[in-house]
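Given next are the chains, with one letter for each unit.
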Amino acid sequence: MIFNSLEYILFLPLVFVLFYLFRHKFRVFILLAASYYFYISWNPVFIILILLSTLIDYGAGLSLERTSSKFTRRLILGISICANLGFLFFFKYFNFALENVNEIMLAVKGSYQPIEAWDIILPIGISFYTFQTMSYTIDVYNGKTKAEKNLPYFALYVCFFPQLVAGPIERYNNLMPQFKEKAQLLIQNISHGGRLILYGLFMKMVIADNLGVFVDSVYGDIAGTSSLNLLIGSVFYSFQIYCDFHGYTTIAIGSAKLFNVNLSENFRTPYLSTSVTDFWRNWHITLTTWFRDYIYYPLGGNRGTVLKWGLAILTVFIVSGVWHGAKWTFIFWGLFHALFVLFEKIVRWDKQSTNVFLKGIKWGVTFTLVTALWVFFRSPDMDAAILYFKSIGANWDIEGIDLGIEPFILLGLFVISDILTRKKNFALSLNMIPSVGRGAIYFVLIFLLLSRSATDMNPFIYFQF
Amino acid sequence: MKIVKYIAIRMILAVVFLFAMNLLYLYTFWKEDVKQHGDVLENLWGVDIHSDAIYFGESSNFHTQEVDSIKHRISYALDSLLPSISIATVDNAGLHAGTYLSLVKNIPKEMNLKFIVITLNYRSFAANWRYAPFENYLAKSALMLEPTLPILNKYMISLRQYDYKSDEERNAQMKLAWKNEKFTIPNFDYDNVIEWDSAMAWHTWLDVNPNLTEENLPLASHYIKNFAFNIDTVNNERIEDLNTIVSIANNKGYKVIFNLLGENTIEAKKLVGNELFYLMEKNRSLLVNYFTKQGVIIVDNFYQIPDSCFVDRNWPTEHYNYQGKKIVAENMKTAIIANELHN
Numbered sequence: 001m002i003f004n005s006l007e008y009i010l011f012l013p014l015v016f017v018l019f020y021l022f023r024h025k026f027r028v029f030i031l032l033a034a035s036y037y038f039y040i041s042w043n044p045v046f047i048i049l050i051l052l053s054t055l056i057d058y059g060a061g062l063s064l065e066r067t068s069s070k071f072t073r074r075l076i077l078g079i080s081i082c083a084n085l086g087f088l089f090f091f092k093y094f095n096f097a098l099e100n101v102n103e104i105m106l107a108v109k110g111s112y113q114p115i116e117a118w119d120i121i122l123p124i125g126i127s128f129y130t131f132q133t134m135s136y137t138i139d140v141y142n143g144k145t146k147a148e149k150n151l152p153y154f155a156l157y158v159c160f161f162p163q164l165v166a167g168p169i170e171r172y173n174n175l176m177p178q179f180k181e182k183a184q185l186l187i188q189n190i191s192h193g194g195r196l197i198l199y200g201l202f203m204k205m206v207i208a209d210n211l212g213v214f215v216d217s218v219y220g221d222i223a224g225t226s227s228l229n230l231l232i233g234s235v236f237y238s239f240q241i242y243c244d245f246h247g248y249t250t251i252a253i254g255s256a257k258l259f260n261v262n263l264s265e266n267f268r269t270p271y272l273s274t275s276v277t278d279f280w281r282n283w284h285i286t287l288t289t290w291f292r293d294y295i296y297y298p299l300g301g302n303r304g305t306v307l308k309w310g311l312a313i314l315t316v317f318i319v320s321g322v323w324h325g326a327k328w329t330f331i332f333w334g335l336f337h338a339l340f341v342l343f344e345k346i347v348r349w350d351k352q353s354t355n356v357f358l359k360g361i362k363w364g365v366t367f368t369l370v371t372a373l374w375v376f377f378r379s380p381d382m383d384a385a386i387l388y389f390k391s392i393g394a395n396w397d398i399e400g401i402d403l404g405i406e407p408f409i410l411l412g413l414f415v416i417s418d419i420l421t422r423k424k425n426f427a428l429s430l431n432m433i434p435s436v437g438r439g440a441i442y443f444v445l446i447f448l449l450l451s452r453s454a455t456d457m458n459p460f461i462y463f464q465f
Numbered sequence: 001m002k003i004v005k006y007i008a009i010r011m012i013l014a015v016v017f018l019f020a021m022n023l024l025y026l027y028t029f030w031k032e033d034v035k036q037h038g039d040v041l042e043n044l045w046g047v048d049i050h051s052d053a054i055y056f057g058e059s060s061n062f063h064t065q066e067v068d069s070i071k072h073r074i075s076y077a078l079d080s081l082l083p084s085i086s087i088a089t090v091d092n093a094g095l096h097a098g099t100y101l102s103l104v105k106n107i108p109k110e111m112n113l114k115f116i117v118i119t120l121n122y123r124s125f126a127a128n129w130r131y132a133p134f135e136n137y138l139a140k141s142a143l144m145l146e147p148t149l150p151i152l153n154k155y156m157i158s159l160r161q162y163d164y165k166s167d168e169e170r171n172a173q174m175k176l177a178w179k180n181e182k183f184t185i186p187n188f189d190y191d192n193v194i195e196w197d198s199a200m201a202w203h204t205w206l207d208v209n210p211n212l213t214e215e216n217l218p219l220a221s222h223y224i225k226n227f228a229f230n231i232d233t234v235n236n237e238r239i240e241d242l243n244t245i246v247s248i249a250n251n252k253g254y255k256v257i258f259n260l261l262g263e264n265t266i267e268a269k270k271l272v273g274n275e276l277f278y279l280m281e282k283n284r285s286l287l288v289n290y291f292t293k294q295g296v297i298i299v300d301n302f303y304q305i306p307d308s309c310f311v312d313r314n315w316p317t318e319h320y321n322y323q324g325k326k327i328v329a330e331n332m333k334t335a336i337i338a339n340e341l342h343n
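Protein sequences, first through last, are from chains R and U. Just so you know, the numbering used here puts 419 at position 419 of the first sequence, and the rest follows in order with no gaps. Just so you know, the numbering used here puts 3 at position 3 of the second sequence, and the rest follows in order with no gaps.
Calculated directly from the structure, the hints in this document are not laboratory data. Check each hint, because a few of them may be wrong.
[Claimed, not checked] Calculated pairs, EDC-like style, for lysine to aspartate or glutamate (alpha carbon to alpha carbon, straight line, at most 20 Å):
no., chain 1, residue 1, chain 2, residue 2
1, U, 105, U, 48
2, U, 35, R, 406
3, U, 252, U, 110
4, U, 165, R, 7
5, U, 35, R, 456
6, U, 31, R, 406
7, U, 175, U, 191
8, U, 252, U, 240
9, U, 182, U, 237
10, R, 327, R, 119
11, U, 165, R, 456
12, U, 269, U, 312
13, U, 31, R, 456
Pulled out of the complex, with its shape left as it was, chain R reads as follows:
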């Protein structure tokens, strides 16, 4: 079941009604059952993984609290992390590792019978819920949070359906108190949640999926595509992935709001950033802060020598690349981001400036760099990415554009709405508009959603991670 499906349009109101029909103490079971059903609708077998992950971290949390022995605590943390990363490694990286071992062996030995790749299906959302549960155990270990004794509540923390498959990656301290607080049926929550769901669907189905049609055609024939189309394709992809992921997150936040749960914001107009460093403060915020708290800080952060700091930055971004997928394109994408962040620190690019012209230049450079690096992210392999860059300068044939004006108008509309909602999210921004204006905005959004949604329904891009 995906958010942009009829099933979800029916599922969500049903869970909403059931949730408020029951008393508070039963609601955890309603949400838990709904979340498991939501996940089972993808692939019933992989629910076992979530249950295992839940039990391991639930047990680890309790055990950590019951012992004060440093060695035992480290052992428990180690077991929990190894188990979580073990699942992740097996399902996501095993074949990638095998492929690379084969290539190394071939290079070293010359004649070598490569080991065949295993037929492994990636369980949806594994990277997200694994990181979420790991953060809990690490926080308990560090004494930042108390262990959860109530198994159903802990299980819900691991699998809460709005954010189960692609985040936002939530911290225990943010989510659990909200689950335990008695939710009131409030008009504000329905209105707020409904607005966000509408806007999220608009971003996904009208903008991202329509841009995706052109992007797919460009990446499907890189060599045969004109330079201008390649440039348009790369800009479109920047917005496709943004609207796709931001759309997903917005629907997730809106859905959770219906149950009186505030999920974390994941995006703050990242394409208005004037540096790559700034971009990462505004893009996939819950993942970035996860890396900051659990990798960057433990590695020393910006304390210590420049070399140590540089290594910490490189590690974080390469891990971020690997987190996205088992491909060299993701690793290079992360590596280049790291290099740009390091470069910005060295030349003090990030220094605040009041000069509008300078800000404009910085914005232009940042957007260009981020867009260029998305080419690695989108390309099926490194050869395709390199071909893309090579082809951009190769064929300035204007006749090759066969696109129409509609995608540009829709994109323009989104850019305006994104800029207008940069300080408060869409739902809150609407509060500042008179009811007639709000009605007009609803009309336009729903009309575009019903009539201009792309006809080839696509799953969310981040589901593959």
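Based on these hints, arrange chain U on the given structure of chain R.
Positioned in the frame of chain R, the structure of chain U alone reads:
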């Protein structure tokens, strides 16, 4: 109570919005969307509402042979043969009972039809047509033509609320049907397409059947895949669609003519044998009896088209040269006159 009122007001507003949006959609994007996702409906728009009949056909209606000096459609020939009535044409490649049903539902209410002609293609009952990848497009078209609000149809397409399946899934369905949909032929070793087809390919049939060569072996295989089945009147979705067409026509007061297309039975017999012909005849007879009982006029062209009239020689199709198309039109004319639908 406050919440109920809040939700109720918004529900009412939503309904009003929806009708207004639908109106706006009809004036803006609808025609373009129909062209893109349900172009078959465009043909229906072009129909003269004063026509006495509509001929619904697939490629057999318009396919021509290069050497033909006359390249008329079957339906045009029929229209010329019956000057007292006007027959409109709605056709497109690959159509079948499911799409005809969507079209029949969309016949303009103001039309005062005497009859409709539905092309009945034997192969469209077979698994490889029922589960062809092209079905996605046809299912999408059918949804676009549903008699609800067009803007909702469009959104339902975006939500993929039609029978969408990937090519792999369709192929898997097809192979499963070839294996599981059994047929019975007296004194014959095989009861499903997979077994029969592989037996022909891997055994020594080339030595046994003098008409079979390495070159025409693939064609023989296509004959088995396209013609070897038993029509199941309970579960075959095409039968269900045809039944609904008949029922709609009965309600609206016009006659239904099923134009059962001619098949190259001579080549089927030559390449595969009498066993295949046995099945073809069994199904033909079933279709004729089943629908005649429902009051449908069947124009049975099954054996009427000579081998020389079939255009395609590497795939079993119902593409005839002009002579073949003329035979069909003549048979139709005879049936229409016999049933006194020409006045």
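Right, here's what the structure says about each hint:
Simply put, residue 105 of chain U and residue 48 of chain U have alpha-carbon atoms about 17 Å apart, close enough for the 20 Å limit, and the pair holds. For the proposed pair residue 35 of chain U and residue 406 of chain R, the alpha carbon gap of about 16 Å is at most 20 Å, so the pair holds. Using a Cα cut-off of 20 Å, the hinted pair residue 252 of chain U and residue 110 of chain U holds, with the two alpha carbons roughly 11 Å apart. Between residue 165 of chain U and residue 7 of chain R the alpha-carbon distance is near 17 Å, which keeps this suggested pair within the 20 Å criterion.
Pair hint residue 35 of chain U plus residue 456 of chain R holds up; C-alpha atoms about 16 Å apart against a cutoff of 20 Å. Between residue 31 of chain U and residue 406 of chain R, the direct Cα distance comes to roughly 16 Å. Compliance with the 20 Å bound is thereby established for this hinted pair. In summary, the hint linking residue 175 of chain U to residue 191 of chain U is supported, as the alpha carbons are separated by about 14 Å, within the 20 Å threshold. With a C-alpha separation of about 18 Å, the suggested pairing of residue 252 of chain U with residue 240 of chain U holds against the 20 Å cut-off.
Only pairs whose Cα atoms come within 20 Å are accepted, and residue 182 of chain U paired with residue 237 of chain U is accepted, the gap being roughly 17 Å. Proximity of residue 327 of chain R to residue 119 of chain R is assessed by CA-CA distance (about 17 Å); at most 20 Å being required, the pair is judged to hold. At roughly 12 Å between alpha-carbon atoms, residue 165 of chain U and residue 456 of chain R fall within 20 Å of each other, so this suggested pair holds. Taking the CA atoms of residue 269 of chain U and residue 312 of chain U, the gap is near 17 Å; set against the 20 Å cutoff, the hint holds.
With a CA separation close to 19 Å, the supplied pair residue 31 of chain U and residue 456 of chain R stays within the 20 Å bound.
The structure meets every hint from the earlier list without exception.
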